[in-house]
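Asks: Chains as they are written, first to last, in our numbering: chain A, 3 to 220; chain B, 3 to 220.
It should be emphasised that the hints constitute simulated quantities derived from the structure, not laboratory data.
For clarity, every value in this text was computed on a predicted model and none was experimentally measured.
One thing to keep in mind: the hints can contain errors.
[Stated by the list, open to error] Covered stretches of chain B, going by a simulated chain A footprint (3 or more residues, C-beta under 8 Å):
hint, region
1, 60-66
2, 101-109
3, 186-196
Think of the CB as a built atom: it goes at the ideal place given N, C-alpha and C, for glycine as much as any other residue.
Number of protein chains: 2
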Amino acid sequence: MASALNETADRTIARPSGLAEEVYRRVRADIMSLKIPPDTRVSVDSLARELGVSQTPIREALSMLEANGLVSKRHFAGYATSPRMDRAQLDELFEFRLLIEPHAARKAAEAMADTDMRQLASGDTAPSHDAFADMDTEFHRLIAQGAGNHLIADSLARLHIHVHIFRSCFRSEITEEAVHEHDAIIAAIHARDGDKAEAAMRRHIERSYGRLRDFIKD
Amino acid sequence: MASALNETADRTIARPSGLAEEVYRRVRADIMSLKIPPDTRVSVDSLARELGVSQTPIREALSMLEANGLVSKRHFAGYATSPRMDRAQLDELFEFRLLIEPHAARKAAEAMADTDMRQLASGDTAPSHDAFADMDTEFHRLIAQGAGNHLIADSLARLHIHVHIFRSCFRSEITEEAVHEHDAIIAAIHARDGDKAEAAMRRHIERSYGRLRDFIKD
DNA sequence: AGATCAAATATCCTATAGGATTTTCGAAAT
DNA sequence: ATTTCGAAAATCCTATAGGATATTTGATCT
Numbered sequence: 003m004a005s006a007l008n009e010t011a012d013r014t015i016a017r018p019s020g021l022a023e024e025v026y027r028r029v030r031a032d033i034m035s036l037k038i039p040p041d042t043r044v045s046v047d048s049l050a051r052e053l054g055v056s057q058t059p060i061r062e063a064l065s066m067l068e069a070n071g072l073v074s075k076r077h078f079a080g081y082a083t084s085p086r087m088d089r090a091q092l093d094e095l096f097e098f099r100l101l102i103e104p105h106a107a108r109k110a111a112e113a114m115a116d117t118d119m120r121q122l123a124s125g126d127t128a129p130s131h132d133a134f135a136d137m138d139t140e141f142h143r144l145i146a147q148g149a150g151n152h153l154i155a156d157s158l159a160r161l162h163i164h165v166h167i168f169r170s171c172f173r174s175e176i177t178e179e180a181v182h183e184h185d186a187i188i189a190a191i192h193a194r195d196g197d198k199a200e201a202a203m204r205r206h207i208e209r210s211y212g213r214l215r216d217f218i219k220d
Numbered sequence: 003m004a005s006a007l008n009e010t011a012d013r014t015i016a017r018p019s020g021l022a023e024e025v026y027r028r029v030r031a032d033i034m035s036l037k038i039p040p041d042t043r044v045s046v047d048s049l050a051r052e053l054g055v056s057q058t059p060i061r062e063a064l065s066m067l068e069a070n071g072l073v074s075k076r077h078f079a080g081y082a083t084s085p086r087m088d089r090a091q092l093d094e095l096f097e098f099r100l101l102i103e104p105h106a107a108r109k110a111a112e113a114m115a116d117t118d119m120r121q122l123a124s125g126d127t128a129p130s131h132d133a134f135a136d137m138d139t140e141f142h143r144l145i146a147q148g149a150g151n152h153l154i155a156d157s158l159a160r161l162h163i164h165v166h167i168f169r170s171c172f173r174s175e176i177t178e179e180a181v182h183e184h185d186a187i188i189a190a191i192h193a194r195d196g197d198k199a200e201a202a203m204r205r206h207i208e209r210s211y212g213r214l215r216d217f218i219k220d
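Work out the full structure, taking the sequences as your base and the hints as a guide.
Replies: Okay, here's the thing in structure tokens:
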């Protein structure tokens, strides 16, 4: 029975970090891919049977997801994925991004490591939706990491998960604009031009906000 | 002594929200009061016996604390409180605060509710260390809340916990300066002067950073 | 005295069982 | 047809037991 468990044996890191962590990643991936849609109940028992583990690691993983705002718990009523962002939440999220990411882009332009720089430039234009979403996530993650501040990187990673979910809900199209805006940011960082990188990132986020805002009416 | 702990007992919602939440608040309070010092092992079994509950809610609470950066887990080695901040982490934290809090102060000056405004003005000068720490936390929390952005409020609340712990480690003195800086911010917000509130908050954080930085040599 | 190795201890991790509560489904009454 | 009430089902919450692992302690050897 133990041999049947390692469904992720090849991907699992060498030092196993516990079942709870594994469950956490798995459920988070399911939420991000909309396999578990927003505002949907998540049963501890069902997950335990589906993943073939006990309830304890499921419960730990859900507690971590709750702390990250991906699910919410009601006493004696179980867990449920957070409902899709409404207009007010979208506004708050982009207000926050506008505070952080332009600054991160500036610092990245000034101090980003060369290895990360090369990785940033290797971003290919992605044809499919999923590939574009992954590329976009990786793009912003690299810049946040380049800023050299773990708090910034962690905060943005957490926010981008919600942006990803929101965009997936509306099957947002791949716009040429976004790719061009990314290119402008990459060019500014490559040129080590902090002012230009900050301005390009600010413009990118504002345009991105305008594109996403249209999907919401309430 | 248990009765002295429920600082929010009268504010707590009538419907009990589960043992895990209760354990979470309790352990977080113990960490913030240095009853559990930084870099100290936290035994699930001991906590279960001490609090008189089973291991499951303890485990859930520790998972949430881990997601908030207050404890860390090593596989098969148990939980431990995070080590005290070093110089690099302090720098990162205040860089982050400088990005967020001045903006929050500006928005609070422009749009804070009158009820919150009155509560902000009622801050008394606190004689003891603990009372000052609580007042400081409440001061910044009210401003973050006044900005009307939950993400800002939550992020700052999380950061202020670490500031609180760091300051408690060094029994930092109560400075007249900090009180005066607070008063300047309050005055600016009262006058609905966004520019002045932002500048006053920025100066307060920079001075606060200077006061705390001296305690660290490495 | 200091270092090395092995046994014992403490702890974590997982699994299962029982009690408590919410939700849901169906029937009856208005 | 809609609403209300009650019982069944599903689910969560808590507690306890057993296997696995890291840490510690003590004795032995150099």
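Asks: Work down the list of hints and note, for each, if the structure agrees.
Replies: Against the structure, the hints:
Coverage of the region 60-66 of chain B by chain A holds in this model, with 5 residues showing a Cβ closer than 8 Å to a Cβ of that chain against a need of three. By the rule of at least three residues with a Cβ nearer than 8 Å to a Cβ of chain A, the coverage given for the region 101-109 of chain B holds, with 3 such residues. Counting residues of the region 186-196 of chain B whose CB lies closer than 8 Å to any CB of chain A gives 0, so the stated coverage by that chain is violated, three being the minimum.
In terms of the numbered hints stated before, the structure departs from hint 3 and from no other.
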